[in-house]
Structures are given as C-alpha cells and as structure tokens.
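A.B. asks: The primary structure of each chain is shown beneath.
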Amino acid sequence: MTVGSPAVVIGILLSTVIVAAWLIWVERRMIGIWQDRLGPNRVGPLGLGQVVADMVKIFFKEDWIPPFADKPVFVIAPAIVMVTMLLGFVVVPFAPGVGVIDFNFGLLYFFALSSLAVYSQVLAGYASNNKYSLLGSLRAAAQSISYEVFMGLAAMGVVMLAGSFNLREIVEAQKDGWYVLPQFAGFLAFLVAAVAECHRAPFDLPEAEQEITGGFHTEYSGMKFGMFFVGEYLGITLNSAILVTLFFGGWLGPAFLPPLAWFILKTLVFILFFILLRAALARPRYDQFMSFGWKVMLPLTLANIVVTGAVGLSVP
Amino acid sequence: MISQLRTLWIVLKHTFSRADTVQYPEQRPKLYPRYRGRIVLTRDPDGEERCVACNLCAAVCPVDCIALQKTEDVDGRWYPEFFRINFSRCILCGLCEEACPTYAIQLTPDFELCEYDRRNLVYEKEHLLIQGTGKYPGYSFYRVAGKAIAGKDKGQAENEAPPIDVHSLLP
Amino acid sequence: MPDKIVGNDFGPPKAGPKDGLQGGSPHKIVGNGFGPPKAGLHIEIDGKSHPVKAGENLLQAILSLGLDLPYFCWHPAMGSVGACRQCGVIQFKDANDAQGRVVMACMTPVAEGMRISLQGPDAKAFRAGILELLMTNHPHDCPVCEEGGECHLQDMTVMTGHTVRQYRGLKRTHRNQDLGPFINHEMNRCIACYRCVRYYQDYCGGDDLQVFASHNHVYFGRQEDGVLENEFSGNLVEVCPTGVFTDKTFSRHYSRKWDLQTAPSVCVHCGIGCNTSPGERYGSLRRIVNRYHGEINGYFLCDRGRFGYGFVNGPARLYQARSAETGPLDVSTAENRLRAMLEDAKGIVGIGSPRASLEANFALRERVGAERFHAGIGDAEHGCLRTLLDLVRNLPLHLVSLREAERADAVLILGEDPTQTAPRLALALRQAVRNRALAIADELGIPHWQDAAVREAAQAEKSPLFIASPAPTRLDDIAARTCRASPRTIARLGFAVAHGICPEAPAVMGLTPEHEALAAEIAQALTSAERPLIVAGTGCLSEDVLRAVGQIAAALAAARPGRATAVHFAVPECNSLGLALMDAQSLAHAAHTIESGEADTLLILENDLYRRADRTTVDALLTRARQVIVIDHTLHATAERAHLVLPAASFAETEGTLVSSEGRAQRFFAAMQPAGDSRDGWRWLGPWPCLDDLTRALADSLPVFQQITACAPGAAFRIAGQKIPRQPHRYSGRTAMLADIRIHEPKQPEDTDSALAFSMEGAANDHPPALNPFVWAPGWNSNQAVGKFQDEAGGHLSGGDPGIRLIGDGAGTGLPWSVPPETEASIADALRLVPLHHIFGSDETSMHSSAVAERAPHPYVALNPEDAARLGLAEGEEVELAPDVWLPVKCLPGLAAGIAGVPAGLPDLPVPVTAWQSWKPNKPGDETS
Ligand code: SF4
Ligand code: SF4
Ligand code: SF4
Ligand code: SF4
Ligand code: FES
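Residue numbers (the UniProt record's numbering), protein chains in the order written: chain L, 1 to 316; chain C, 1 to 171; chain Z, 1 to 929.
If you're looking for bench data, these hints aren't it; they were derived computationally from the structure. For every residue, glycine included, the Cβ atom is placed at its ideal position computed from N, Cα and C. Misleading hints may appear alongside valid ones.
[What the hints assert, rightly or not] Restraint ranges, calculated between C-beta atoms of paired labels, are given here:
{"#": "1", "chain 1": "Z", "residue 1": "S850", "chain 2": "C", "residue 2": "G132", "range": "35 to 41 angstroms"}
{"#": "2", "chain 1": "L", "residue 1": "P6", "chain 2": "C", "residue 2": "E112", "range": "53 to 59 angstroms"}
{"#": "3", "chain 1": "Z", "residue 1": "A764", "chain 2": "C", "residue 2": "R28", "range": "44 to 50 angstroms"}
The shape of chain L in the complex, shown without the other chains (with noise of 0.2 angstroms):
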C-alpha cells in the first residue's frame, strides 16, 4: 500500500473537482453540437466562463429547505454523493507512481464506494417528503441494487485473468492485451452497469423529469442541487477512470505520450461516450429497464465468468 506524495494528493483531488464542474459546460456543449446548436458559448472564450457563470449563479441561489422536510437528513443526503465519489478516486491508478493509495482490494473499495453513493439519492427522496421524491428514490435504490450485481460480476473475469484486486496490478496485467478484448462480455456489461450506476440517461429513471419532475432531487436548489450535479459528475469520471483501468490498460500506451496523458485521454473518450448516450438514446420504461438487468444481463455476466473459468482451466 503507497500513499501519494500530499501534493499529488491536493493535485488530484483539486482537478477531478474542477474536471467535474468543466464536465457541465463539455456536456452542454456536446449535446448542443449534437443536436445541431451551438451550445454555450457566450461567456469567455468557446464559452469555457460558461461554468464560472453556473457556479457563481447557483452560489446565489435561494437556498431553501422545504417546511416539510427533514431538515438534517435533507442537508446532508447530497454532501454524500460528493464525498463518496470524490473517495471512489482515492483507488484510481493514473499512472505509475500518480495515485492516492494503492489498495489490494482497489476494484471492491471502489464497488463499496458506488454503492455508498445511492444513499445520497435514497435519504434525499426521504426527506423531502415529497411523493416524486419518494419514487425517484426508490427506483434509485432498486436500480442500484439490480445493476451493482452484475457490474461485479462483470469485473470478475478481468479479476480472474490478472489474478489481483489490485487495480495497479490489473493495469500491469494489461502489458501484453487490453482485457476489452477477452472479457468484451464482461466491458459491455460493466459499460452498461456503470451508466445506470451513475444514472444516466438513458439510465436516468430516477430523476426522470417528465413522469417524475426530476424524482430524488426535486425539492432541491441551490448549492444542494449543485451538489448532486457535480457528484453526477464526478461519478462519470470515476466510472470512465475504472472502465480504462480495468479494460484499456488504464495508462498503458505507446510511449510518445506520457502515461498519465493516455489514461486522461482514454478517459475522456468515455465521458464523451456518456455524453453521447444522453444525446442520443431515450429512456426505457422502468420494468423494461428492470427485466433487462435481471433477465439479460446477469445471465450474460454469468455465462461470461463461467467461460472465462473454463478457458483459464484449459489454457493454464
């Protein structure tokens, strides 16, 4: 177990933070690009002040606290999202040599993290008291509880192929083939699992605006709702960052780019990836998305860990 120098810490804790809030103007504009608009593009140059202006007006905001809500339960549901996510990244290899800690059991911190991560989601439909709240906490617990199955079962075959929980080792592992090649099954699973993990659309059923008026979080506002935002975020990047670690060879890559380059750069690919998804794809209905975790997904995840054991027995 190494600890990253306290710079390095402050480093990244600082950028996936501010990585987190310049998603917001990436993801405005993307989505304006893609649905043939210009986006944001005001406020600075290419509208980069765009998320300077968010911040400094959700700062500014009323902050108001339903009558009828549970007051500490409610303050506190979204600083959980927040600091679940930001500890998610403690485990993250970036490179050799640039990371917080180096756990042996790195790939179950992080699924323990994410799965910490919906009690923000179910206390906060709790306490506002709020009957749109309510279900939109109880579809992200459902949700939670279905998809963080497979998603486990989906990391498996890369745990058997590089024998360690270690998500360095895992990378390391990588040096002769990335493991989207063997474990495909497992990626798209993990895939699919990650973006209903951080609720996503097409995965978004929890604050699903138009049957719910945005479920969990409709009572908040101001800086509280930004904080559910930026956790939204910052749960995109870590997922992205786990998704390179464990089936792109995280920081591997040719040399003419340093590692920590490759590992941005391939995270990058998947957030725009998510982006994309949210531009593109509309949102299931609720028992459509149930049945196709529980009666599409978890088989193929099975199905993928039973052939993964079989090869590795026969080729050992």
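Given chain L's structure and the hints, the job is docking chains C and Z with the ligands onto it.
C.D. replies: Using the frame of chain L, we list chains C and Z with the ligands on its own:
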C-alpha cells in the same frame, strides 16, 4: 439493440453538421408569414372587423388566455365588445388561428414579446386589431354566411336563391 | 268520511321520504307518462340482446338503453310523427334475414325478438344521406348562431359523420320575422322537422305559429310579424333542434353554453317550483334554461320563468348598502350600523318574505323571535294560505305534481286562472284533457307515441275540464264548461258540487238553475273519473273558494273510500307555502305591534310592503317605526323609505330551500358570486357559519321541515374527494377574463355552502340530480343530452327526481263539513274588486326584466260590457280606483257581472287589491266617495 447503436452513430455524425441555430440577436433567422408569433385581429376586404365573437378561439385555447364578449351592431353584424389576449399566458400554439372560422385571428412572425411588466402583455382589442386582411386577403365571412347584414340581404350571399315568397302557392 | 286513506289515484301510498342524498321522488310513477306499464321484452340490436319495455317505439327504447341514434322530429314529450327520416335503422325480418330494410325507429313499435341494426353500413349511409339532404339549404351560420355549441343539429351532424358539403346548388332563403321581445327568428336555419308547430299548436294550444308554403319552401312563423302570444313560446328555443328560434334576451349578452357558469336552481317567479339552470358569465346572469325534473316541469318552462331573470342585473339592483342619511356605506360600516340599530331597538318586528328561502326567513325568525316574526304578505292572502294549510293538513288531500296532473282525466278549476298564476300547471292541464284521446287510442290499439294517429282518432274528444272563474282564462278553449261568477258564487258552486258527489255534504240553497245543472254535471264527471283533479289557489283571494275545494275533496274521498283526492293549489310566490308552514304572524299583527309601541324597529327581509297592503297603511307603519331596515336585492318603494338598506344576494347568487305548491322542498344553488357588496340574506342576519348549519337548525326547530336537510347533499358531499364543478370542462378565458384588472390570476372563490365549486375542475360525472348544474354528455351538447340522465327517455332522472315532499300526502283524516256561504248582498251602483293576474306583470321580480315588462298590460279597470253600460262608462274612460289613482276602463267580455277586475301586482299600480272589497266607480267630475 441495433437501432440504438444506429441512433448513436447517427447522432455522432452530427458532430460535423452545421448548426441550425443562429447567433440571435446579431444574426436573425428568416421568419415566414406562417411563423407563430404575436396575434392580430384582421379586417374584411371591406374594412370591417372580421371577428364575429363566435368564441371558438377562446374555447380551443389550451391555456384559456382569450376572453371576449359578443355584441351586435345596428347592421346585424356580430363583433366583440371586448377582445383580450393575455400574452403572458399565450404559448403561441396557433390553435386559435386554426379554429377561427372567419380568418380574423392570425399569428404573425413577430415573436419579440418582452416586457418588464406583465401587465403590458395583456392586449385588448385596440392593440390587436390591424387595418388589413393579414394572410388571407379575399375572404369575407358574411359573404358566405346566411345571416343578413346591412348591405347584404337574405338571398344575396354566395350560392343563395332569393328569399321565398311564403304566400305563393306555386310549387 | 273515510277513516283510512290507503292511496291516491296516481301511485302507491308514500312510504316516507327516502333517506339518502339523492333526494327522492316520493311518487315513483311507473311507466312513461303516456300509458300504464307494460311487461318487458327483448330485442336484438347489432347482434346483442337488450331488454326493452313493451309499448315503446324503437327510438325511445334505443335511447333509453343509452345508445346513440340521431333524431330530430321525435320529442319525448310529444311523441313521433316520422317527419324528419333521421332515425333510420335496419330491421330484419327474422333470424335468417341478412339484408333487412330501413325503418324509422321512432315509428316502429318494439316487438319481442325483433332484430335491428344501428351500426350496419346501410343504416349509417341512410342516416348520413338524410342529414346531408337536411343540410343542403343550411346557411354557413354557426359562428353567428346563438344555438352554436348547444345545437342538436350540430350534434347530429357530427353523430352521422357528415363532414363535407357536396351540394353545390343554390340554398333556399327565408326572411325573418320580429316575434316580440322573447324570441329571435332566423328561418334560414330550419330543417323542417315540424317540432315547433307541433309543440306550439298541439302541445301548448297556441294558434299564432303556423307552417306556410309547401315542399322545401315551408316556412315556420306567424302570419305576419308580431309577438308570439303563447305563454310557453320560450320553449321553442329548446324544442327547435336548430337555431331558428333563439333566446332574444340572451342574445343581447350572449355567451356560449360552454362559457356559462351554471348551478342547479329553482324558478322564483311563481309557486310551482320548476327546476332551472341559470347561467352566468363575467359576473352577470345571462339566461335561464330548463333543468329537467321528472315530476315538475319536465322539458318545459313558462316565459315568465325563462325571461324574468333580468332583475338580477337590472337597473334597480342593489349593489351597496346605503343609509338614508349618509348614502352609500361600505360593508363594515353597514355591519356596524346594523348592529348598532338592532342593539338600540326597543323591540324588533321581523317581516319575512315569500320570495326568500326558508333559511333566510328562519334566520330572521331566529333573530327577532318567533312571536315577532311576520309573514309579510297581504292579510287576505295570509288568511287564504292558513285555510289552505288547514285543509291540506286535515283532509285526505293529495297535492299532485305536474306529471300527476297531466294524468288527471277530469279537472275542475275553481276561481283560478292557472296560466297567469301557476303557468306551468296550465300547460300540464292542457295535457290532462288529452287523456280521453289516449283512452280512445288504447281502445283502438294505437300506441300513445303515435302522435298524429292518436290525434286523428280522437278528433276533438277531450277529458272534461271545468273552469269556474271571475274572468275568462287562457284554458277556456279546452274547457268542457266554463262559468263566470264572483268568487263567492264560485265557492257556492263548489259546495253544490260537493253535495252532488256526496249527499251528506250540506246542500246549497238558492243557486240559479244553470249553476244547479252545472254542479250536477261536474259532480257526475268527477265521480265517474278515474283520476279527478281539483285546481284552485289564492288567485281570487277567497277563503270560501278554498273551503269549497276542501268540501269537494272530502266528498270525493267519501264517495271513493280509501283514495285521497288529487288537488293542486296555486300559490303566488316561490316560497309562499314554505313561509305559510313557518306559521308566521300576519302583517296586521306587525302593524299593531309597532303601533302599540311594543317595538320600534322594522327588520324587513326581501319584501316590498307596498305590494302587500294599501299605501296609507304601509306609510303609517313605516313612519311610526323609529328604525326601518330592509335587506333586499332590488330597490323598491319600501327600501327607498328605509333608514338602512342592506344588499342581498338574488336567487342566482345564494342558496337555500323553497317549498313549492306541490309541498315539495327543493334546494337551489348559487350560479355566481353575489354581485357587488351583496351577500346571502341570512348572512346579514346571524352568525351562521354555513348554510347547512342553518338548514339543520331549521329542521330541528320546526318539525314540518324535519326532512329538508335531505333535499340535496350537503356542503361536505364529495365525489371521489372532489366537488362538482359549476363550469363546463371547456370553460374558456380563465387566464384572461380578469387580466385587465389584475394580472395575477386570483384563486377561484370558494363555496363553503354547497358541494358545488366555482370552477371547471372537479368530478365530471355521477352528479346526484339535485346537484347537477347542467346536462352534457359526449356528443350531446344541447339540452337534449338530458336523455343520458334519465332512467328512460322522458322518464325520471336517474337517481330520483330531486326534492322532498313535506305535506299533502293524503294523510289527513277529516274535518267537519263546512257550511256553504250565502250569496253576497249586492250593493247599489257598486262593484266588487277582484284581482286579475297576469303572467307578465303580476310577479314582482320578473317585471324588472325589460322583455317581460314589455309584455305586461297597462293598468286598467276591467268591467263586463253590460256593467260598463249600466254605469255609463266607456272603454278607455278614466275612473278613480282609489284616492287619486285614475285608471282607464277596459271592457272585458266574459267577465262576471258585478265585479271589477284590477290587474294584480303591476308595479305602477299603487293600490293592490288586497281583499274582496267593494268599489264605486267615480268618473272625473264626480265627487270622490
Ligand atoms: S396561440 Fe394558442 S395559447 Fe395563444 S391564444 Fe392562440 S390558442 Fe391560446
Ligand atoms: S374564432 Fe375568430 S371569429 Fe371567432 S371569436 Fe375568435 S377571432 Fe373572433
Ligand atoms: S342551427 Fe346549429 S348548425 Fe345551424 S347555424 Fe346554428 S349552430 Fe350551426
Ligand atoms: S323552425 Fe325549428 S322546430 Fe320548426 S321545423 Fe324548423 S327546425 Fe324544426
Ligand atoms: S325522429 Fe324518427 S323520423 Fe324524425
């Protein structure tokens, strides 16, 4: 599944297509006469108010932002005593124009309806009524309707036979 | 006299009012009003078997099943003639017939096992074709047509699916006529269904609306421009399926039906209690339409009720409190002033009103105490109503509803002109004389709905109707015998009839031979009839006449043991009977209390005393009282003399209960918020939080009213948690109608007094009949949608006709025989004054409607031409009726000799005829008596 992937691909291709929107207000889009903006009330070819206060526009309006009252002039024409549109509610859907049997109410390409005071968005008949016929130049409702008005007696509308002489015994 | 009455002629004995919220029709008449109930059958419609009632026609049966079939000429109250050809369906010969043939549903009797098709392509094509033909001449008028949006023709056009006009030829046109102040005429829109003339001539007996010319030139109108004279002409608005006849008063401030805020209401212009739907828009009352009631008005109102609503927004309407010294007051000052005046009073005399609700009267009674509560009606009328109640309580009388009256097969009218005092009753009596025709039809096996055939078979045969009245009546044309006499003589005739029926009743001495013969004939007709009916009322202000009715009723009951006698007493105002049931003191008593100094304050509720007693008496009373407070909606002579006037809500703005002349308590509801500062009369009078509390307090404190809380569901009633909306779901302009005043849309006003909401939101279906503001059903926008709310076409409302009958169920056990009155002594050169009533003129509130006022007579003194000649008076000559009141003489042929008729209740006639008083005509130049 395939269709989802295809959708992703199609959307991705749009990365390289030109934006359909323009940099308003420096650039302005071309708006066609059928664009749905600020509403006007128009007049007959002969310069009379077209609106006959039939209330169909008010009934069809999904946000209920039209209120009017029928009255009648000495000529026998129906017209609105008042006609009010609350533009702070109007969603410029154009249903009123579709419902109007006289082409009186029409939407225009003027969409710049901004006010600092919502009250200024309440338009009365004098704000709505224009001098011309708008998009439909030739139409006059009373020329096809059976109701007699000054200058158009029974039997003088389009496709009308002269009034029956009820005392005649001829078949 | 019989000791035990087990029933009346019209139905099973009443088993106590139904409890429950639906209200109830105590006398559920089985059958369609046209014939006795028949056994059920089954017919097969489009392959599905349906139960139907034998004796019906197919159209009736289909509509009663809730299916849709377009029609025009058929009307549930008028039967079928097969004129419009719109109701075509396919009838199959037998189970194997696949082709079938088109028949008119309205002309085809149902038969067991009949197979028909409504939806077959041929049937649909036939109906679409007929409609297209009907529409060939139809003008392009809907946007400027008052019928639009509630037009049966529009509905049927949509129902048949005719959407595109293919006819390219010329349209025939017609010139319109001016039909008077009530009705617009736009003949281009006619589809020649003939409903109007059938209604006007056959149903109402009118003769000034005819059909002219031939083939597709037919024209429905008058021979020349002029007022449509029949008192029920207003129903043409609803009878005509198109916009030919429309409401002229409504057109002046027109609003589409979907824009009207409406409430279930009861007509306030006479004692019958017809059910109405008043409609409001932008804070003013726009019109009245019929609200179907299976026992009372059915499909029709009279013109006074339909067009008399103008007082609600009239020029004399009170919007603000005012004090005699300081002029207009704001609400809180007025409240304080009222409180101060009442605290300061040395005793308060409360004067109630027969045109205010039971609740308002009761609130006044609670305020001033029962002994200080006065009825506020003329002393003669007060006496009559007391006698009337005495009879109803103690004799085996059954107060008939109008539907029951229509089934009477012998009618005697004593001293009343129902067309003028209880108009809708007169229309019912007009149907009653047709029972003979229906009996003939029965003998010949003609179904009752075969209208033309029944009329052809019966020719001029009628059930007997006898009219004894001081002046000619509008029912004389259908009467078997009429008799013109003074009220006293009419009473004596009545007593003679009673003696003729039951010899135990004392005989009348000294009758003229003609009257003897007439009495015998009437007695014979009444005894031999199945369902005899006696109609009388307070019209000629004679207690003798009422007692004579009681005597006849008792005699009939004695002659027909076990059956209560059907009677109907016309009373002048909408709550006359209710007020009488409250046992209030007389006006003379009020005058006495003030005169004696026991009290010094008059608190007058919705009443103009100048209509109740002569000017000198009222002047004296008002002068003597130290403080006079008037609560009313309209400014009148009494209010002008009051120290404090408080604005009250009119019937369209308040809620309460009225008792009709049938003894039926009915709840009416506010269609709109009270105008200006006005508020419910009872709200000025006491600390009642809501109407239900007041109604309950009344029910608890006066046993006769025990049932009234069940008239309609209370304010807490909800359908699936929702109130009942007063506005249709298409109500328009919500976000614009007040935007010129306040851009922030105000909350809809709340109604704490009823289960209705001033809103378009709420429970759309399953309204209990007493709470149904208007009728509408998908595809049925006109008032003919009522078919969807009836248990069968033309029957009762599903869920029971609203209202609870309080009295007159034939439970009385008997009174001793009355002694017939003597002939009155004749006074040399003098005449007896009798009030002559006018449908347009005698009612106080409707005279504030300009249309009704236009139809009212000018004041006159009517004399029999011989009397006039004897007294040397010529038509038009002015005579002095009372000091300084000069009226022209009108020669009225047919007026009984020895009496002078004076129009009752005209506003510009300062002296009401209060009693049977004698009068010596003075001409100019004579010295005043
Ligand atoms: S455009 Fe639509 S919302 Fe606006 S007034 Fe017309 S119908 Fe109403
Ligand atoms: S629909 Fe047309 S004619 Fe009718 S009220 Fe509206 S503007 Fe006037
Ligand atoms: S009668 Fe009916 S169909 Fe004819 S113009 Fe009037 S609303 Fe239209
Ligand atoms: S005027 Fe009306 S009721 Fe009379 S025939 Fe014509 S459409 Fe029928
Ligand atoms: S309704 Fe049957 S023919 Fe007219």
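A.B. asks: Now look at each hint and say whether the structure bears it out.
C.D. replies: Cross-check of the supplied hints:
no., hint, verdict
1, S850/Z x G132/C: 35 to 41 angstroms, "40 angstroms, holds"
2, P6/L x E112/C: 53 to 59 angstroms, "56 angstroms, holds"
3, A764/Z x R28/C: 44 to 50 angstroms, "47 angstroms, holds"
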